[in-house]
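One-letter residues, chain by chain:
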Amino acid sequence: MKYVFQFGPVLENLPRLLLGAWLTVKLSAGAMLFGTAIAVVCAFLQNAKHRAVRFFVRAYVEFTRNTPFLIQLFIIYFSLPALGQQLGIRLRLDAWEAALIGMSLNLGAYATEIVRGGIDSVARGQIEAGAALGLRRFQIFRLIVLRQAIKVAFPALASQFVLLMLGSSIISAISVEELTGMTNTLQSTTFRSFEFYFAATCFYLVMAFGFRAVLGAIYWLGFVRGRPAEGDR
Amino acid sequence: MSRDFGAGEFWYLILAVRWTVLLSLVAFLGGAILGLAIAVMRAGTIAPLRWVTAGFIQLFQGTPVLMQLFLVYYGITVVFGLRLDPWPAVTLAFTCYAAAFLGEIWRGCIQSIPAGQWDAARALGLGWGVTMAKIVLPQALRISIPATVGFLVQLVKGTSVAAIIGFVELTRAGQLIVNVTFQPMTVYPIIALLYFAICWPLSLLSRRLEKRLDTGRQTALAGM
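Quick mapping for you: the protein sequence lines, in order, are chains A and B.
For the record, in the first sequence the residue sitting at position 39 is 39 according to our numbering, with numbers rising by one throughout.
For the record, in the second sequence the residue sitting at position 139 is 372 according to our numbering, with numbers rising by one throughout.
Source of the hints: derived by calculation from the structure; they are not laboratory data.
All figures in this text were calculated on a predicted structure; none of them were measured in a lab.
Treat the hints loosely; a few may be bogus.
[What the hints assert, rightly or not] Straight-line C-alpha distance at most 30 Å; calculated DSBU-like pairs for lysine-lysine: (1) B:444 x A:151; (2) A:151 x A:26; (3) B:444 x B:367; (4) A:49 x A:151; (5) A:49 x B:444.
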């Protein structure tokens, strides 16, 4: 092995790597918000009266969960504009917009299953109690079911969020300059490929720990602190 | 001048499916062997082995699979000083990726076997190895089947990432066809459907096995 490691170029370009990591964090955080919103809506609609609505939600979840994220991105970023051209509408998206949409839709499908699991865990009697109090379906969902469901689902959602953040490295394939995209650019101009990918991998590892810590803190603030322990109720 | 997307192009995509399937199978088999060793060490009694395998799992579950690919790909270049074709890098990276996930799934299953069984085995004079191999693992692997099949779906989808470093499987084949036909509107949805055709049956199977295992457990409990 005659290779000499040179981490100098990595250190010189640290600010740009950090810039890329920041974009990863921003896109992931945005996708978490939108994806969770999609999931809550879909989980609610999965019990809808209309069969067509239920079928549509099911199809979205199954299709998204059983195809690669990379292909979903290609469809949003390349296929949609081509379709738009044929129909005469402008469907062209910026790379980061396509990435954010792709990440949100992808997370939404996985989170739908998780949130649904949480909803199923809420005792039937509580829903009946809500109905007995004259609450409407949506009120029952919003006031009684959702909060408890999210609490139960939160740990699984949190690991899905971390997977989403790690998976976002794939959006570099449609030329988004997040951490991986930035690393690709830098290694191709400095020829220190291994060193740059090594550094980026360390960044991801740290970010995964960071995300877990922040999500753990959110869980504690939102669901544990200042609330009676389970046994007290 | 661009080609049209015709039967020939479609056939090319169908043929590319075999590389996706082959890569998934090789990674799954390699990952299963390595993953089993990791699971046993993780659940074992030797502390340093537990730490090393825990670190391995943390590393591969805490970093993107694309980064693992790049690192292995360029790592081979560093060690051997030459640029190899992507096959060894891709199979090695996905084997380690599969090993980390399967190791973690199987560790959970091994540890879900009640401690009483270990005690009973020791009372019968069986050693650690025999107990693991003959009593714990057969039960643990049975419980793990649904999750393992579920991971297979994740692995098949994950192999699409190999396209980014130029490994020609289904996704890369799709990109190549798009480059000559300029019809992303046709090609990518077809690719998606091909993946769906592989993954969806596996997902359904996993769900069904899970349900059957659940009912199996409930009846077993009811019988007690």
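We went through each hint and held it up to the structure:
1. B:444 x A:151: Holds - the C-alpha atoms of residue 151 of chain A and residue 444 of chain B are around 24 Å apart, at most 30 Å.
2. A:151 x A:26: Given that 30 Å is the threshold and the Cα spacing comes to 24 Å, the pair holds.
3. B:444 x B:367: 26 Å, holds
4. A:49 x A:151: 26 Å, holds
5. A:49 x B:444: 25 Å, holds
Violated hints: none; the structure is consistent with every hint.
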